[in-house]
Amino acid sequence: MRKFPLSLGGHHELRWSEASYHAVHSVPANPVYAGAYVYGKNRRETVLDETGVRRKRIRKLPMDEWQVLIKAHHPGYIDWPTFEANQQRMATNTRPRLHAEAGGGSGGAVREGGALLQGIARCGHCGRRLRTHYRGRTATPGYHCAGKVIAEGRGVYCLNVGGVQIDEAVVAAFLEALEPARLATTLAAAERLENDREAALKQWRLDVERAQFAVDRAERRYRAVDPDNRLVARTLEQQWEEALRALEAAKAELVRREAERPRRLSATEREKLLSLGADLASVWHAPTTTARDRKELLRTLIEEATLHVDRDKAAAQLALRWKGGALSHLTVALPRSRPATVCTDEDTLALVRRLVPHYPDAVIAGILNRQGRRTVYGHRFDANRVGKAPLLEDPCLQGQGTGRRRRHCHRPSGCRRARRGALDASPPYQRRPHLGRTGDTRRAMAHSPDHGPQGPLPRHAQRRL
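Going by full-length UniProt numbering, 275 is the number at position 275 of the sequence shown; the sequence numbering is gapless.
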């Protein structure tokens, strides 16, 4: 384990200890690392909790609310633009909080999994960020939204879909957008957008010039007033201060907008980008390109992907939001669930249907095994296989593959008549109202050809009769 230097409280002594996440993270997040002096990053606040008790807490302030920030105060390990880029990268690598997922925010750091939309996919039903999962030996990717878990319980999803077809459609749209012809059009549009930004920045520069002119005029008026006229001097001083504040605000806004302005591509970079568009498909499908590399490439152009699944039409509606605000809509066909092609014979299923209201799964499995019946794969019946038998409809005959399956029947504990067998406490069959049957009724039903089992009964079942 590598050692890491830690400061001992307020003393300027170093202690070498094992590296932790907090200790390592605090180094690139500290402005001192970039050669800046900062004061007032935190604020002590007194709040009232839910019980009305006063409590004190420390709140971290954003950078624009720090009391003192002196850049280039001392030689740093990195410059200030690199420090700000590192802060933005660490913020995007952080997994968003639960209540912030419905809004904007980071998509998290790219991982090694094969789900290409990890971190940028959103649910089209509730707006939450989709989660990824992998199934099978080949780790087939998929996406699901657990937004309904809070309201309707575990196992209920707004959306749960495989990711193979979704990822293929997104990759096709991504590579199509980077074709040389489309890329040239995109670069031309970016050039026009850059001209529009330059025109907007020109207006902000004019605002700074007007604010500077107002400051100069207010200063001349203040210096020209007679010092003995204190009332007029105080009024002119206030006007001068207001003009200075307006000038600082205009300069700060101009700096912010210039910082948000994308860097213009040079002629060499444009030529390289156009030549890359022809070879990007081969680079994408190269065996040396990892899933993490592909995700990084996708995030350079795609800001967000919203997914909406329509099971009735077996299709997924995909909305891609590109960098710059452009929106593309895709319709992805999903594979339909095919009907079951291998099913247990209907005679065995009919017998199970007759036995279900009267006996638990383990007893039914014993009856089927004594009659020499086997599953469609030649296995002996047990309680688990009986519980998975389709009882309300036959998927082989219906051709829909939606045969409902009943759960294992368990007798409720605490009922003496049910434990003695005098009262049947099994749950209702096919959602019928619960009917308590006495021992005489059970004997009559057991000997009836429509309800009783065909074949020998287990000994404990014979004792009840």
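Hints may contain errors.
Stated by the list, open to error - Each computed DMTMM-like pair below joins lysine to aspartate or glutamate, with the alpha-carbon atoms no more than 20 Å apart:
{"#": "1", "residue 1": "Lys251", "residue 2": "Glu241"}
{"#": "2", "residue 1": "Lys202", "residue 2": "Glu219"}
{"#": "3", "residue 1": "Lys71", "residue 2": "Glu241"}
{"#": "4", "residue 1": "Lys71", "residue 2": "Glu45"}
{"#": "5", "residue 1": "Lys202", "residue 2": "Glu242"}
{"#": "6", "residue 1": "Lys323", "residue 2": "Glu176"}
{"#": "7", "residue 1": "Lys251", "residue 2": "Glu303"}
{"#": "8", "residue 1": "Lys323", "residue 2": "Glu241"}
{"#": "9", "residue 1": "Lys71", "residue 2": "Glu253"}
{"#": "10", "residue 1": "Lys202", "residue 2": "Glu248"}
{"#": "11", "residue 1": "Lys202", "residue 2": "Glu241"}
{"#": "12", "residue 1": "Lys323", "residue 2": "Asp347"}
{"#": "13", "residue 1": "Lys251", "residue 2": "Asp207"}
{"#": "14", "residue 1": "Lys323", "residue 2": "Glu253"}
Calculated directly from the structure, the hints in this document are not laboratory data.
Quantities reported herein were computed from a predicted structural model and do not represent experimental measurements.
Violations among the numbered hints
2, 3, 4, 5, 7, 8, 11, 12, 14
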